[in-house]
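Novice: Okay, here's what each chain looks like letter by letter:
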Amino acid sequence: MELLVDFLTRFVTQFQTPALAFLVGGMALAAFGSKLEIPDAIYKFAVFMLLMRIGINGGMEIREANLMEMLLPAVFSAVLGCGIVFLGRITLANLPGVKVEDGIATAGLFGAVSASTLAAAMVILEEEGVVYEAWVPALYPFMDIPALVLAIVLANIYLNRKKDGANTRVKIWPIITESLRGSALSALLLGLALGLLTRPDRVFEGFYDPLFRGLLSVLMLIMGMEAYTRLNELRKVAHWYVVYGVAAPLVHGLMAFGLGYIAHLVTGFSPGGVILLAVLAGSSSDISGPPTLRAAIPTANPSSYIGSSTSIGTPVAIAVGIPLYIALGQAVFGF
Amino acid sequence: MELLVDFLTRFVTQFQTPALAFLVGGMALAAFGSKLEIPDAIYKFAVFMLLMRIGINGGMEIREANLMEMLLPAVFSAVLGCGIVFLGRITLANLPGVKVEDGIATAGLFGAVSASTLAAAMVILEEEGVVYEAWVPALYPFMDIPALVLAIVLANIYLNRKKDGANTRVKIWPIITESLRGSALSALLLGLALGLLTRPDRVFEGFYDPLFRGLLSVLMLIMGMEAYTRLNELRKVAHWYVVYGVAAPLVHGLMAFGLGYIAHLVTGFSPGGVILLAVLAGSSSDISGPPTLRAAIPTANPSSYIGSSTSIGTPVAIAVGIPLYIALGQAVFGF
Amino acid sequence: MELLVDFLTRFVTQFQTPALAFLVGGMALAAFGSKLEIPDAIYKFAVFMLLMRIGINGGMEIREANLMEMLLPAVFSAVLGCGIVFLGRITLANLPGVKVEDGIATAGLFGAVSASTLAAAMVILEEEGVVYEAWVPALYPFMDIPALVLAIVLANIYLNRKKDGANTRVKIWPIITESLRGSALSALLLGLALGLLTRPDRVFEGFYDPLFRGLLSVLMLIMGMEAYTRLNELRKVAHWYVVYGVAAPLVHGLMAFGLGYIAHLVTGFSPGGVILLAVLAGSSSDISGPPTLRAAIPTANPSSYIGSSTSIGTPVAIAVGIPLYIALGQAVFGF
Amino acid sequence: MTHKATKIVIITEKLIVEGVTKIIEEAGASGYTMVQAAGKGSRGVRSSGRPAVVDAFANVKVEVITATRDMAEQIADKVAARYFDNYSGITYLEEVEILRPHKF
Amino acid sequence: MTHKATKIVIITEKLIVEGVTKIIEEAGASGYTMVQAAGKGSRGVRSSGRPAVVDAFANVKVEVITATRDMAEQIADKVAARYFDNYSGITYLEEVEILRPHKF
Amino acid sequence: MTHKATKIVIITEKLIVEGVTKIIEEAGASGYTMVQAAGKGSRGVRSSGRPAVVDAFANVKVEVITATRDMAEQIADKVAARYFDNYSGITYLEEVEILRPHKF
Ligand SMILES: Nc1ncnc2c1ncn2[C@@H]1O[C@H](COP(=O)(O)O)[C@@H](O)[C@H]1O
Ligand SMILES: Nc1ncnc2c1ncn2[C@@H]1O[C@H](COP(=O)(O)O)[C@@H](O)[C@H]1O
Ligand SMILES: Nc1ncnc2c1ncn2[C@@H]1O[C@H](COP(=O)(O)O)[C@@H](O)[C@H]1O
Ligand code: NA
Ligand code: NA
Ligand code: NA
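Residue numbers (this note's numbering), protein chains in the order written: chain A, 1 to 335; chain B, 336 to 670; chain C, 671 to 1005; chain D, 1006 to 1109; chain E, 1110 to 1213; chain F, 1214 to 1317.
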């Protein structure tokens, strides 16, 4: 009961935090027909900066971290990435009106990770004074890659079977390489390597870190405009996508919270880490996921997966998910 | 006499303040045929940042302001916006060689507001240590919208009458909506709403505010290059535009100074506020005004209004207007 | 011996400094086939910011500097710019398989200056605590312009003679103007003028200076990607370009170190200044040099000079040159 | 086998692109393609309103493939009648061959 | 004197541009030219995957001048067969005249 | 009613665009249109001098509608003679139909 009250208060206050406020502001602008444009170059650069910031910091911390501590959360991340895709395969992808490969692609997107949702949670946690191991954001690829790869493999298996009943093998390695080459993972891994192997402290503290919060606000604005703009794509696909878009982020987040709690008991994974793991799982990829899936599962209709992720999944993951996991964390860990 | 000396000293020193120095630098570069380019994406983003900075700050202050205090300056802003257009309608638009709709469009542009001129004045006042109510920059739309709307209405009345003597009614509401949807007002209003309704303090202090001054210097450079580049458009229109471009900003600024002084006496409007009101009135729109007018008064020749505003009005408003109002403020209020 | 050990240690540590780390990171990304893109607008703006930062600071310092002190280093800079081109003319340009005009253009590029190499050295010197007269970076044009102009003149003389044996005179003034109009020198000179004539201290300290280090890291990343991407152009030209690309930066740097040392003895030129002069000479132009040469010596094959400079000269100048001159400085001046 | 079709090209100011595409859609065309363009014409003097120094590519070039020549001429006429007194712009037609006529 | 040649135009999603240029090169064309484009067609619904609000120009228009009409049709057929079931796109041919036939 | 006219297309490096438009203007054309382009041709090796990783669209495609075929050929010949030994580029002509001949 108290949990509910706490969540509701937090939920309402949440709309005053910049991350969410800019998201809602973006939606409002788009709904109003505003001609405001954030140039493509700024969008690309903001995404790059965010991922470098997350990567460099992660790398600097891993340098000093006890690698054993990271092991369990990393394994759990991969388990979650795959688990989410399997779950979508046996639920969404089998619903009436949902083409199987569309459902699988959607599950892949929801299994993958959104850098901006993650960044928003990091900023909110910082404001709440909730601490976490700085390597937690570096769990990103451990969840993102397995989810995308598994979705592509499952879709190909399905399509091959449908076509000729044959059992053509799907090559996994090229899918992984392709995914690592994407701009998002490239930037994150570059940042990780720089943080781990070099001394980027000054450029981190003087550039990547201070601009983080501001560029995130710009990205949130873009994502809000985008969410509204894509809404009409959703009208052209089955209603189940809307249901999935609302429920999946929270279900995935709670699954991750559970696994994170186990890691807390076993290896002392921090409460903030548990919350961020839930955010990672609850988020759905917005930058590199869509083009990867579009190229690798060409027959899947992007309106279904991009619509449900961008227009519903991401707003729910940020506006409902983040405050929910924080309230839950407070109830469970009592920080 | 002392006022004059003071103004002249200030005028000369002024050229050393970054805002003006970058403006003049831009002109010099363009005159020299430099190939330096500031990319379009950077320009758009700098404008967005400036307007968000002004809007968010305005919103945060309005939250705490006595709304009654704002009332009179807001009304005066609207009066000025309309007054400037009427003045232009009965002077410039009736001069020989000036097409009536061209004159009205020009008056509309000079009645509207330039975000960069406003920003330059804010930076200079800060350097001079002159304070003002932080909601003053939020008077922007109260002057900008009425001016543009009135100019469009007057031009349409004139054109309709000319065409068929008929009395077709001009619809005002669509003009207002169209103007609010423009990128400049959208960004300003978004900032205002965020400042008013949410808690953007940290992102404001860590991002929008510290980048303000620097991005303004970049904008000033662009405006300088632009002013020079457009000079030759002026050669193709009547000389009266040059006269208007030099005189109008100062006349408008002084009118506003007078009204602001009344508000000072009646409601204690701050000296800095009076100066900024003069700057708002003396400035002419450079970002969203031109396309709005071009779309709404298509028969008006943009060379006339853009030339007179960009190449003459804005440099005069910044280089002569701002130091003039500050010197006047010093003489009148003795700060 | 100790010098060598010191250099080697420094050389290895160097790879941990952000400048070099980002350069190597960019090469690694390109080699891996990453799809990461830094938008063109960001690249152009970063270059602009770097040059403004260097120019403004130089200008502010020249204001207070003893101009006589600058004289000898400025003369040496011009001597070096020309000397490097002459040296290339009588060595590289006469080698078998090297077309004379290609060799001259390459020498011109290596005689000119790279703003990003200079910026990298400035950041590294700051981290090492090595000080220098703040006007040293303003020696840039004194070396850059003579080198480019001389290369263009020598190439034209050669081509004219080859064509008709005639002695058509090459006009020097248009070449200088054209070179000053280029985006790099324009920005640098604008910055110098602003620093010298106006009071840009606050915008410098609040914008141009703090973003310097960060934007440099972004540029280094781009240059790394570029170096790798252009490697295959080198495969199409004579091997001598590879030899020149490796040796020339170091030979030029050491020549400059020697001249700088003379200035140290004669006028007390600082050790840090001597090192930066070596960096200037050792660097090869990457921004405005190539298009200037391409336009002025159209028959020269850009693959030869851009390939040898971007893919070999610049990495060598940064990774080997900078630590070498610092180690040398330590050995010679014992700071 | 290929089929004849007509391509109409409209080069004009970005500012009016919405109106132009509306005319195209109302004429019943199956689609259109747009490219950013810079240019110089008789009205070089009419400035676009966007800062010229940062937005040189302020024209658009719109292309429409139409199944009938009639539709192409109709679009060209409407655009010219509605806009070309006050905005700069040119139009021209070309013959093209399409491979999948059902698309247009 | 000029020589007849064929120009094939392919307007499609940026995402598959690498595959398209590979087909062009394999067909033996001497080169190609690419332009960023925006557009609307029958599949307006199929979104590109890049944020629409920031990357409206997510199509490309690829042009190839081919010496023989045969090569042009071959490219058009291959691109359509390989991609146009799942990606949006159109192709068409035009006759052009070239001045330096050895280039193509 | 439409009138025949000629369109000349020049695809070349951005670096020389000023020289190309000067030739066009001197030939007496009423205007031209320019589009940013990327491309690959026989001289793929000749690099543009701008960082390739950030400025892939370093070509321009210039189009000129000329009233006479003569003027078109003259432009094509001058551009090729002056530039194409040292810079990459191609030109070709197309027949187009214009609706308002007084414009060109
Ligand atoms: N002869 C021409 N050839 C190609 N494009 C032209 C020509 N004349 C005009 N244009 C294009 O059409 C636009 C408007 O032309 P105008 O209405 O003549 O100012 C110009 O900005 C050019 O992009
Ligand atoms: N009738 C048309 N005229 C010109 N371009 C078209 C036309 N139809 C389609 N396109 C272009 O081809 C792309 C893909 O078309 P579609 O496959 O029909 O969605 C669109 O985005 C347009 O850029
Ligand atoms: N066959 C072709 N079809 C279309 N464009 C071409 C062709 N060949 C060359 N180009 C374009 O012309 C430019 C210069 O070609 P080149 O001089 O052959 O290097 C290339 O970058 C392409 O943009
Ligand atoms: Na997820
Ligand atoms: Na005004
Ligand atoms: Na050098």
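Among the clues, some could well be false.
[Said to hold, decoys possible] Label-pair distances were calculated between CB atoms; the ranges are:
id : chain 1 : residue 1 : chain 2 : residue 2 : range
1  : F       : Ala-1294  : B       : Gln-351   : 35 to 43 Å
2  : E       : Arg-1209  : C       : Ala-965   : 20 to 28 Å
3  : E       : Glu-1127  : A       : Leu-95    : 32 to 40 Å
4  : D       : Pro-1106  : A       : Ala-247   : 54 to 62 Å
5  : D       : Glu-1030  : B       : Lys-498   : 24 to 32 Å
6  : E       : Glu-1127  : D       : Glu-1100  : 27 to 35 Å
7  : C       : Asp-676   : A       : Ile-157   : 58 to 66 Å
8  : B       : Lys-498   : A       : Ala-247   : 32 to 40 Å
9  : F       : Ala-1294  : B       : Ile-425   : 57 to 65 Å
10 : F       : Lys-1235  : A       : Pro-174   : 47 to 55 Å
11 : E       : His-1112  : C       : Ala-965   : 49 to 57 Å
12 : C       : Thr-683   : A       : Asp-164   : 58 to 66 Å
13 : C       : Trp-843   : B       : Gln-351   : 52 to 60 Å
Please keep in mind that the hints were generated in silico from the structure rather than gathered at the bench. The C-beta atom is built at its ideal place from N, Cα and C for all residues, glycine as well.
Novice: The structure should be examined with respect to each hint, and the outcome stated for every one.
Specialist: Hint by hint, here is what the structure shows:
no.	hint	result
1	F:Ala-1294 with B:Gln-351: 35 to 43 Å	violated (52 Å)
2	E:Arg-1209 with C:Ala-965: 20 to 28 Å	holds (24 Å)
3	E:Glu-1127 with A:Leu-95: 32 to 40 Å	holds (35 Å)
4	D:Pro-1106 with A:Ala-247: 54 to 62 Å	violated (45 Å)
5	D:Glu-1030 with B:Lys-498: 24 to 32 Å	holds (29 Å)
6	E:Glu-1127 with D:Glu-1100: 27 to 35 Å	holds (31 Å)
7	C:Asp-676 with A:Ile-157: 58 to 66 Å	holds (60 Å)
8	B:Lys-498 with A:Ala-247: 32 to 40 Å	violated (60 Å)
9	F:Ala-1294 with B:Ile-425: 57 to 65 Å	holds (60 Å)
10	F:Lys-1235 with A:Pro-174: 47 to 55 Å	holds (50 Å)
11	E:His-1112 with C:Ala-965: 49 to 57 Å	violated (32 Å)
12	C:Thr-683 with A:Asp-164: 58 to 66 Å	holds (59 Å)
13	C:Trp-843 with B:Gln-351: 52 to 60 Å	violated (32 Å)
The structure is inconsistent with the numbered hints 1, 4, 8, 11 and 13, although it conforms to all the rest.
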